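As a plain string of letters, each chain reads:
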Amino acid sequence: MYYLSVLIFILGLPLILSSAFGYKFNRRTFKFTKTGLVAIKTQPPGASVYLDNALLNDKTPLTIAELLPGSYLLKIELEKHYPWSSNVRVEAGEATRLEKIILFSIRSNIRQLNKEKFYTFWVDEEKGLVYYASEDLGIYRSDFEGNNYERIASFSSIDPLPTKFILSPDRKKIVYFNRRNIGITYLDAYSDEPFFTEQFVLNYSPGALLNIFWHSDSYHLILITNHAVEVLEAKPESAPVTLVNLNKKNTTSSYDLRNDTLYFVDAQKAADGNTYDNLYKLELNSRSFALQQLMKIQTHE
Amino acid sequence: MSNYKIKRLLEIIPGLISWGVIVFLVVLSAWQPVICAVAIIVFDFYWIIRTLYLTTLLIMAHRKLFQERNRNWLNDCQVLGAEEKWLKFYHLIIFPVYKEGTDILKASLEAIKNSHYPKEKIIVVVALEERNRSSRENAKILEEKFQNEFFGYLSIFHPEDVPGETPTKGANATFAAKAAKEFLDGKKILYEHVIVSCFDADTCAEKGYFACLTYHFLTTPKPHQASYQPIPVYNNNIWYAPSFARLVELSASFCQLIESMRLEKFVTFSSHSMSFKTLVDINYWPVNMISDDSVIYWKAFLFFKGNYRVVPLYITVSMDVAYSTNFFKTISIQYKQKRRWAWGVENFPFLVKGFLTDKKIPLLVKIRRSYHLLESHVTWAIWAVIIILMPSFPILFGGAFFAQMSAVGYNLPRITGILFNFTLVASLIWILLSRTTLPPRPKDVKWYKNILMVLEWIIVPFIVLILGSTPALDAQTRLMLGKYMVFETTEKKRK
Chain A
5 MYYLSVLIFI LGLPLILSSA FGYKFNRRTF KFTKTGLVAI KTQPPGASVY
55 LDNALLNDKT PLTIAELLPG SYLLKIELEK HYPWSSNVRV EAGEATRLEK
105 IILFSIRSNI RQLNKEKFYT FWVDEEKGLV YYASEDLGIY RSDFEGNNYE
155 RIASFSSIDP LPTKFILSPD RKKIVYFNRR NIGITYLDAY SDEPFFTEQF
205 VLNYSPGALL NIFWHSDSYH LILITNHAVE VLEAKPESAP VTLVNLNKKN
255 TTSSYDLRND TLYFVDAQKA ADGNTYDNLY KLELNSRSFA LQQLMKIQTH
305 E
Chain B
119 MSNYKIKRLL EIIPGLISWG VIVFLVVLSA WQPVICAVAI IVFDFYWIIR
169 TLYLTTLLIM AHRKLFQERN RNWLNDCQVL GAEEKWLKFY HLIIFPVYKE
219 GTDILKASLE AIKNSHYPKE KIIVVVALEE RNRSSRENAK ILEEKFQNEF
269 FGYLSIFHPE DVPGETPTKG ANATFAAKAA KEFLDGKKIL YEHVIVSCFD
319 ADTCAEKGYF ACLTYHFLTT PKPHQASYQP IPVYNNNIWY APSFARLVEL
369 SASFCQLIES MRLEKFVTFS SHSMSFKTLV DINYWPVNMI SDDSVIYWKA
419 FLFFKGNYRV VPLYITVSMD VAYSTNFFKT ISIQYKQKRR WAWGVENFPF
469 LVKGFLTDKK IPLLVKIRRS YHLLESHVTW AIWAVIIILM PSFPILFGGA
519 FFAQMSAVGY NLPRITGILF NFTLVASLIW ILLSRTTLPP RPKDVKWYKN
569 ILMVLEWIIV PFIVLILGST PALDAQTRLM LGKYMVFETT EKKRK
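Line by line, the protein sequences give chains A and B.
Residue numbers for the first sequence follow my numbering, beginning at 5 and rising by one.
Residue numbers for the second sequence follow my numbering, beginning at 119 and rising by one.
It is worth saying that the hints were derived from the structure and are not from the lab.
Treat the hints with caution; some may be incorrect.
To give a feel for the contact side, a few chain B residues facing chain A, derived at Cβ under 7 angstroms [to be verified]:
#1 Asn121
#2 Ile124
#3 Ile159
#4 Ile167
#5 Thr169
#6 Met379
#7 Phe384
#8 Ala525
Partial list, derived from the structure: chain A residues whose beta carbon lies under 10 angstroms from chain B [unchecked claim]:
#9 Tyr6
#10 Leu8
#11 Leu21
#12 Lys38
#13 Gly40
#14 Pro49
#15 Asp62
#16 Lys63
#17 Pro65
#18 Ser89
#19 Val92
#20 Ile162
#21 Pro164
#22 Gln203
#23 Leu214
#24 Asn215
Over 12 angstroms on every C-beta distance to chain B, these chain A residues come out as not near it, computed from the model [to be verified]:
#25 Leu11
#26 Ala24
#27 Phe25
#28 Gly50
#29 Asn91
#30 Glu98
#31 Thr100
#32 Arg101
#33 Phe125
#34 Arg175
#35 Asp260
All values reported here derive from a predicted model rather than from experimental measurement.
All residues carry an ideal CB built from backbone N, CA and C; glycine is no exception.
Please construct the entire structure, taking both the sequences and the accompanying hints into account.
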């Protein structure tokens, strides 16, 4: 028994190791040839696989092992789904992993969610809700399936109609704006905020509004205009405070709500007399309002 | 080199090899993941073959155990020749006791009382520790019940702090054996007519055990140059013990069964028997080593210049599964017990030192026996780590190309997974065999415990890692660092 075990070990080990390294024993030539493999996973699984037009027995997910090095035409088919095909290169001793294949449904699962006319919408991914703004100045809300569709608030008419609506972090109000007006609408009929009024509009005269962000306190608004970065309290008759004057007319900006940090681009004149765009970071949290240069897009030595 | 330095060097070797292999494989997994993968596959395959081989031996040993289960050993002794031939033999049974209570010992003594062997040929020595305050009281209780049941019944109290001794079971047993020697001298009984059995306090021998032992003693060539090893089973409280504790002890029983088929590696373990003359000649059990049960074999092996062996007795002695009141306490108890067993690694320096001073044992025998001892302990410490943990290391640390792009990186977890599944085949056999050695289910144990006992095998990978390799690594590390273990008795519980 002991010697039989030793014999099995001696005979079996080369087979297992050669299999691990992708070697295939060729019965005709009595030689080992190094092969490669293709690992396929699809979403959804259970698709048929054709390798050089030959249908394989197994369905996805599957591993096609012991493939001689070379190029193979791989086609994956699943009923009622678009097929997937590609030329796949197999290298000796290597694994080609095709594990992110999505087979899209032919009859897409399209469904209308809105029940009224609307002209723009936005999504609250965290809560799984869709908001709709309609031309009748109503704000509607439903879940991702279109269920529980209901009117939740109204907004004031501004001309032209606002194209962007932004939900406050506390989800109690929505700010909307065009280039000259900022409107705020409360979603709840009652609010304990000191300046509560269901909706109001602030006229913005100094310049043109480019973008607006909510501060994490859901009370302050960060305004990006064509000449400055400003802060505005979300209350009637509020006046903006300028934080930074901008040289660039149409700046781009991004706001990190978690850290209350604004990132924006502005042009700065360098010592060589040329003007370069720089990316700036403006911290707006309670600890710091420091403006610091993050990175120079172009540097002047 | 001084004696001390040689001893320390030999103590370092097992731990150094075990840790060396593990660390080397971890480093290799990042440095040369392909070579590491090959090493893991080779070891895994070796382990599967070994498991299947050992399972075959287990089946054979089991068969033998069942063939001899209902054998009338007393009758076989009588068949051997004139009655005086076997009736001149006395059985001296020593129970080294420390904290074990009278409930444990009563059952063990009751088992001897119920033995088929003539009681007038049995001498029982209960070896108690002076340092346990309740020893005297316990001795009294036991004496009242068993004193008149045997040819001789001695309660011996091992004093505390004897110079040159450490508080071990071996020291207690040796003290008791010396007291028994005086008793035998007084009765003018020849040592060669006495077979001594050193039983753990919870050991319940089968009724035919002493007749079986006598039969083997009479039929074994050079009987004084052999130890006699029964198969330990842990049936006393097996139905009440938690599943993982039960599994660990079952594995220990199976290991003994397997070892009984590999006589060249068979060493005494736990409760065992031998010639009293030999015990006196080799100066008794060691008084300063924890693994007295196996060291006694090596002492005799060195004394008889390699002409000493262990004769397997295919008869069981039943002991207790070590467990406690809750899960964590039981894990702790089991861990400590397995670490104590793994402390048997102290046999390696003892044996090699003995070999170094010996001139008569053939070199090949010395090499083979030292290698077997070292290999078994190193394997014990590393196998579960290599099989369960290591296959993921080259994937994790071997870099993106190895893990994502290479065929061997892709195949490694699959091949090791398939190989590991092969052990399930062995596990199935082990499950079946475990059922055959179970005592009948007590009435207060629910029927579904039968099903649980099969399902509990799912936790084997967890057990082998926690209670397999880790205590062995722990013991070897302690020996390597010179942090010597002290003897701790295992808590025993019975319902």
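Results for each hint:
1. Taken as an interface hint, Asn121 of chain B does not check out: its beta carbon lies about 38 angstroms from the nearest beta carbon of chain A, beyond 7 angstroms.
2. Nearest Cβ of chain A to the Cβ of Ile124 of chain B: about 34 angstroms, over the 7 angstroms cut. The hint is violated.
3. Because the beta carbon of Ile159 of chain B sits about 6 angstroms from the nearest beta carbon in chain A, less than 7 angstroms, this interface hint is met.
4. Interface hint status for Ile167 of chain B: upheld, as the beta-carbon distance to the closest one in chain A is roughly 5 angstroms, under 7 angstroms.
5. Checking Thr169 of chain B against chain A by beta carbon gives a least distance of about 10 angstroms; that is not within 7 angstroms, so the hint is violated.
6. Interface hint status for Met379 of chain B: violated, as the beta-carbon distance to the closest one in chain A is roughly 9 angstroms, over 7 angstroms.
7. The restraint placing Phe384 of chain B at the interface with chain A is violated, with a minimum CB-CB distance near 15 angstroms, outside the 7 angstroms limit.
8. For Ala525 of chain B, the interface hint holds, since its Cβ comes within 7 angstroms of a Cβ in chain A; the closest pair sits about 4 angstroms apart.
9. Of the supplied interface hints, the one on Tyr6 of chain A holds, with its beta-carbon coming within about 7 angstroms of a beta-carbon of chain B, less than 10 angstroms.
10. Look at Leu8 of chain A: its Cβ gets to within about 8 angstroms of chain B, closer than 10 angstroms, so that hint holds up.
11. A least Cβ separation of about 6 angstroms between Leu21 of chain A and chain B falls short of the 10 angstroms threshold, and the interface hint therefore holds.
12. Given hint, Lys38 of chain A at the interface with chain B, holds; its Cβ is 9 angstroms from that chain's nearest Cβ, closer than 10 angstroms.
13. Interface restraint check: Gly40 of chain A against chain B, minimum CB-CB distance 6 angstroms, threshold 10 angstroms, status holds.
14. A hinted interface residue such as Pro49 of chain A counts as satisfied when its beta carbon comes closer than 10 angstroms to some beta carbon of chain B; here the least separation is about 18 angstroms, so the hint is violated.
15. Interface hint status for Asp62 of chain A: violated, as the beta-carbon distance to the closest one in chain B is roughly 15 angstroms, over 10 angstroms.
16. Because the smallest distance between the Cβ of Lys63 of chain A and any Cβ of chain B comes to about 18 angstroms, over 10 angstroms, the interface hint for this residue is violated.
17. Against a cut-off of 10 angstroms between C-beta atoms, the interface hint on Pro65 of chain A is violated, since the closest Cβ of chain B lies about 12 angstroms away.
18. Annotation: Ser89 of chain A was flagged as interfacial toward chain B, and the flag is violated, the nearest CB pair being 22 angstroms apart, outside 10 angstroms.
19. With its C-beta approaching chain B no nearer than about 13 angstroms, Val92 of chain A sits outside the 10 angstroms limit, and its interface hint is violated.
20. For Ile162 of chain A, the suggested interface contact is broken, since its CB lies about 53 angstroms from the closest CB of chain B, more than 10 angstroms.
21. Look at Pro164 of chain A: its Cβ only gets to about 52 angstroms from chain B, farther than 10 angstroms, so that hint breaks.
22. Because the smallest distance between the Cβ of Gln203 of chain A and any Cβ of chain B comes to about 55 angstroms, over 10 angstroms, the interface hint for this residue is violated.
23. A least Cβ separation of about 42 angstroms between Leu214 of chain A and chain B goes past the 10 angstroms threshold, and the interface hint is therefore violated.
24. Taken as an interface hint, Asn215 of chain A does not check out: its beta carbon lies about 39 angstroms from the nearest beta carbon of chain B, beyond 10 angstroms.
25. In this structure Leu11 of chain A is not separated from chain B by more than 12 angstroms, as the shortest Cβ-Cβ distance comes to only about 10 angstroms.
26. With a closest Cβ-Cβ approach of about 5 angstroms to chain B, Ala24 of chain A is found to fall inside the 12 angstroms limit, against its non-interface label.
27. Look at Phe25 of chain A: its CB is around 5 angstroms from the nearest CB on chain B, not clear of 12 angstroms, so calling it non-interface is violated.
28. Chain B leaves Gly50 of chain A outside its interface by the beta-carbon criterion, the shortest separation being 21 angstroms against a cut-off of 12 angstroms.
29. Every CB of chain B lies more than 12 angstroms from the CB of Asn91 of chain A, the least distance being 18 angstroms, so the non-interface label holds.
30. The Cβ of Glu98 of chain A sits about 5 angstroms from the closest Cβ of chain B, inside the 12 angstroms cut-off, so the non-interface label is violated.
31. Some Cβ of chain B comes within 12 angstroms of the Cβ of Thr100 of chain A; the nearest lies about 8 angstroms off, and the non-interface call is violated.
32. The claim that Arg101 of chain A lies off the interface is violated: its Cβ sits roughly 6 angstroms from the closest Cβ of chain B, which falls inside the 12 angstroms cut-off.
33. No Cβ of chain B approaches the Cβ of Phe125 of chain A within 12 angstroms, the least distance being about 40 angstroms, so the stated non-interface status holds.
34. The beta carbon of Arg175 of chain A sits about 42 angstroms from the closest Cβ of chain B, which is more than 12 angstroms, so the claim that it is off the interface holds.
35. No Cβ of chain B comes within 12 angstroms of the Cβ of Asp260 of chain A; the nearest lies about 30 angstroms off, and the non-interface call holds.
Checked against the numbered hints above, the structure violates hints 1, 2, 5, 6, 7, 14, 15, 16, 17, 18, 19, 20, 21, 22, 23, 24, 25, 26, 27, 30, 31 and 32; every other hint is satisfied.
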